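**Student:** So the chains spell out like this:
Number of protein chains: 2
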Amino acid sequence: MTDSVLSEPPAGFQSVDPSTGATWGDTFPVHGADEVDSACAAAEAAFDAYRSTDRETRAAFLERIGAEIMGIGDDLIVTAMRESGLPRARLEGERGRTVGQLKLFADVVRRGAWLGLRIDPALPDRQPLPRPDLRLRMIPLGPVAVFGASNFPLAFSTAGGDTASALAAGCPVVVKGHPAHPATGALVANAIHRAVDACGLPAGVFGHLSGPGNELGSALVRDPRIAAVGFTGSRGGGLALVRIAQERPVPIPVYAEMSSINPVVLAPAALRARGAALGSAFVQSLTMGAGQFCTNPGLVLAIEGEGLDAFVGAARAALTQAAGQTMLTGGIHSAYRAGIEALQGHSAVETIAQGEVGEGVASGDAAFFATDAAAFLSDSALGHEVFGPSSLLVRCRDEEELHQVLRVAEGQLTATIQMDPSDEAFAAGLIPILERKAGRILANGWPTGVEVTHAMVHGGPFPATSDARTTSVGSLAIDRFLRPVAYQNLAEALLPPELRGDGNGAPRLVDGKPA
Amino acid sequence: MTDSVLSEPPAGFQSVDPSTGATWGDTFPVHGADEVDSACAAAEAAFDAYRSTDRETRAAFLERIGAEIMGIGDDLIVTAMRESGLPRARLEGERGRTVGQLKLFADVVRRGAWLGLRIDPALPDRQPLPRPDLRLRMIPLGPVAVFGASNFPLAFSTAGGDTASALAAGCPVVVKGHPAHPATGALVANAIHRAVDACGLPAGVFGHLSGPGNELGSALVRDPRIAAVGFTGSRGGGLALVRIAQERPVPIPVYAEMSSINPVVLAPAALRARGAALGSAFVQSLTMGAGQFCTNPGLVLAIEGEGLDAFVGAARAALTQAAGQTMLTGGIHSAYRAGIEALQGHSAVETIAQGEVGEGVASGDAAFFATDAAAFLSDSALGHEVFGPSSLLVRCRDEEELHQVLRVAEGQLTATIQMDPSDEAFAAGLIPILERKAGRILANGWPTGVEVTHAMVHGGPFPATSDARTTSVGSLAIDRFLRPVAYQNLAEALLPPELRGDGNGAPRLVDGKPA
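Each protein sequence line maps, in turn, to chains A and B.
Residue 90 in full-length UniProt numbering sits at position 90 of the first sequence, and the numbers go up by one each step.
Residue 404 in full-length UniProt numbering sits at position 404 of the second sequence, and the numbers go up by one each step.
Calculated from the structure, these hints are not laboratory results.
Just so you know, these numbers come straight off a predicted model, no measurement behind them.
Careful: at least some of the hints might be erroneous.
Note that identical chains are pooled: a pair holds if it fits in a single copy or bridges any two copies.
[As the list claims (entries may be wrong)] Straight-line distance between alpha carbons at most 25 Å, and here's what the computed DMTMM-like set of lysine to aspartate or glutamate pairs gives:
| # | residue 1 | residue 2 |
| --- | --- | --- |
| 1 | K513 | D502 |
| 2 | K437 | D133 |
| 3 | K103 | E356 |
| 4 | K513 | E401 |
| 5 | K437 | E451 |
| 6 | K437 | E498 |
| 7 | K437 | D309 |
| 8 | K437 | D37 |
| 9 | K513 | E359 |
| 10 | K437 | D398 |
| 11 | K103 | D511 |
| 12 | K103 | D54 |
| 13 | K437 | D479 |
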């Protein structure tokens, strides 16, 4: 990519209906180097004013964004349906989650624990030297680049979790909208612009860029004014951004949520007691939203035996009847087809079942495959994500072999154990292994379905994410965009308000203890 | 580097007395690939047992290390003096800090706030879907590689801050001892081994590797069992480790504290009122420990005027009489000489004063230079660290030019304002700039002298460190070696003890509020 390419963009691009492949609606601008520059300049210019806002102002702003999004009305849902192929109920739920996480971060901002306030008072009489007054707070990193995700056009896109947590931290945000839903993105971006205006904030607090190619995002991450990146998408895309960020004169953190196959372990007693019920529940989780969740159960592990046959039989029956669903984009559909064709053609893989092919040009038919542990251990490609409603059963001879498969598996967002009370010893042996592989460990549930709460971790060891020390969902996500600063012997008037005298209500540690 | 080079190391290496350049004492092993492999295998084997220790066991272990270090007695001080050239009082103080920070982390471990416990109880009646029980804790990353620093043979080396905070987090540690103090390192390593034994912990909780070259450290960072790296040293060394860590199949975090010139701003009223006093106090800070502190004041900024002349005059007088001091190693001394010769030969730099050349082959003579803002802004080399007792005064025309110099300066560990009460508006204008450049902002002190407390930040934007989101000194340093894991709907017996029922005394958030 060169600047001259960026400077002469094509005229515009349109939405695509993934069920037909046809373009429709408004033409959206293809932004280039000039727009990256002006969005980043505005974000940088807004940073000091925005990070100085009091907590109530910032919380009210987040809530106002939510209100403005609701204010768009049904047009938002209809537009997102047409751009994503996702059904109404799913998108209405996703809008609720989007507004809910803005409210969650408003509450987090008000409480102020994220400021991490610490005070070590001066000890003027300490020997051999007096101790100075030391005070610490977390400050925002600077303008954040957020990449909209294809699979959550609302909750993980323009006003999604990365945007909400970065704005909560005090960082201006420049969103690179996902090209699969430009009309949805524009509606939401305008809602945020209205909230910025209504709250009297500088316009640069939020910027929105659109365009179909990768050059725009690369230029954004290279911009020296960008201080951190939030991304949800493919492993290739995430790793490319990480590389660009590391090669900058001043490297910056990239929080990329990339790739996970979310192992589900079927414990022996549970399999014996309810193998068939687990099989049909599994297919329900696998095919939800055309399997396009980061936490989709793409890997099932079990020890050979009678219960496993019942599981496989029920899964086959359920999956064979699963209706094909339109996938998010033609590209995602093609990649999915290539992924399942590779499994179908793999000499060590058996096809258990395939779902119905639905209508439309991008309809993904669900697929369930099986292999054995030896084959899985000898071919790392079998552990790679196939984004969509595909899953692979790995038949293990015994507990030790099942442990071995988990130990060589890559890092994951989630790991699930389906277990009965008598499987407790089996599960206890798994948990130390799973803790090192995943960010969330579930018992007797399915990994799809991510609560937006305080104790949620939506993250995990590489390559599930580029930074296992964080989460991209839940209130802890705000910490990604903060860094500590200590103030030594500063006069009261020069300290930030929350570190003065009695502070302003945020929790503090004084000499390491809650005060 | 190839494995065959690592497999055939030279027989051994000895300590060097930096004041004479002569070798002395025991011969230490040159470790290679085999020893890296066995140390990492032992650390990995010890990890699950060590991370499962209760908080009291782990705290007592940290305290025992401190007791074993004190138990070495004066031999430790005498050995470190001979290897480092540092004086007795400094090393006795450093030993106190080393033991003090082990005690601090013992207290931190006991309190348990680092576990970050969060519980979101199940809501079985929630509509449209029940909410599962979610519980979160922080777990240690895994075995940590720690690189001993040359300039703190005790407090930032074998049992230094990185080791103490990683052990506190529950991570086994493999130290690559600094080759400038192998005898000191061996004494301390043996003290830690005794503490491991005394506390009944697996031997792999602590490993110690020695050798003079860079290959050993590279091999250690490449080992797949290593999960994080702590380093204090040169920018070149730190960046090399970052690169190796990023190129691994599974990248890992590197906490490298690298390079800082720690700007000191002399505010106008303070300069007028006490320019001469500031000049002599500055030289005292500059020359302490032969200027070999990461927080050494290597850059002074002031607006031209009468007070500045008094400052320069007093600094010249004090520095001219400053006795030369033996530097830590011959290599550090050579690099220091090259750095000040480059400044002496720079057409835009004036030499204000040079100190006395002391005895011994590695004696560093202090040096103070001056340039103007225009020259500083036009040559980025003038902003690079010269490790040792050298500093550069940048004369600025006005406040705006001073701001500009700070804005283009690289990231720093510290930034200091020398100010009088009437400089408040001037200081208030600086602080937003300094917050974005440094991890610690001081008023009316000198940056040398780092408290080991809860509110300390010894970190800062690149290239001061490779990760501005953390600190390497103070209790917050434990967070570097932790990551969050969420447990969803796990039976009580399968949860870690601190997330069961009423827990075990560590603070928790329940639905986001302290409980």
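**Student:** Which holds for K437 with D398 at a C-alpha limit of 25 Å: within a copy, between copies, both or neither?
**Tutor:** within (20 Å within a copy, 56 Å between copies)
**Student:** Can you tell me if K437 and D133 fall within 25 Å by alpha carbon in one copy, between copies, both or neither?
**Tutor:** Result: close only across copies, 21 Å inter versus 42 Å intra.
**Student:** Which holds for K103 with E356 at a C-alpha limit of 25 Å: within a copy, between copies, both or neither?
**Tutor:** Result: close neither inside a copy nor across copies, 40 Å intra and 64 Å inter.
**Student:** For the identical chains here, do K513 and D502 meet the 25 Å Cα criterion within one copy, between copies, both, or neither?
**Tutor:** both (15 Å within a copy, 20 Å between copies)
**Student:** Within, between, both or neither: how does the pair K437, D37 come out at a Cα-Cα threshold of 25 Å?
**Tutor:** between (40 Å within a copy, 22 Å between copies)
**Student:** How do K437 and D309 come out at 25 Å by Cα distance, when the copy is not named: within, between, both, or neither?
**Tutor:** Classified as neither; 28 Å inside a copy, 62 Å across copies.
**Student:** Give the relationship of K437 and E451 under a CA distance limit of 25 Å: within one copy only, between copies only, both, or neither.
**Tutor:** within (20 Å within a copy, 37 Å between copies)
**Student:** Up to 25 Å between alpha-carbons, please classify K437 paired with E498: within, between, both or neither.
**Tutor:** Intra 38 Å, inter 21 Å, cutoff 25 Å: inter-copy only.
**Student:** What label fits K103 with D54 when the C-alpha limit is 25 Å: within, between, both, or neither?
**Tutor:** The answer is within: 17 Å in one copy meets 25 Å, while 37 Å across copies does not.
**Student:** Using 25 Å as the alpha-carbon threshold, which applies to K437 and D479: within, between, both, or neither?
**Tutor:** both (22 Å within a copy, 19 Å between copies)
**Student:** Could you figure out if K103 and D511 sit no more than 25 Å apart (CA to CA) within one copy, between two copies, both or neither?
**Tutor:** Classified as between; 14 Å across copies, 32 Å inside a copy.
**Student:** Are the CA atoms of K513 and E401 at most 25 Å apart within a copy, between copies, both, or neither?
**Tutor:** neither (47 Å within a copy, 42 Å between copies)
Checked against the numbered hints listed earlier, the structure breaks hints 3, 4, 7 and 9; every other hint is satisfied.
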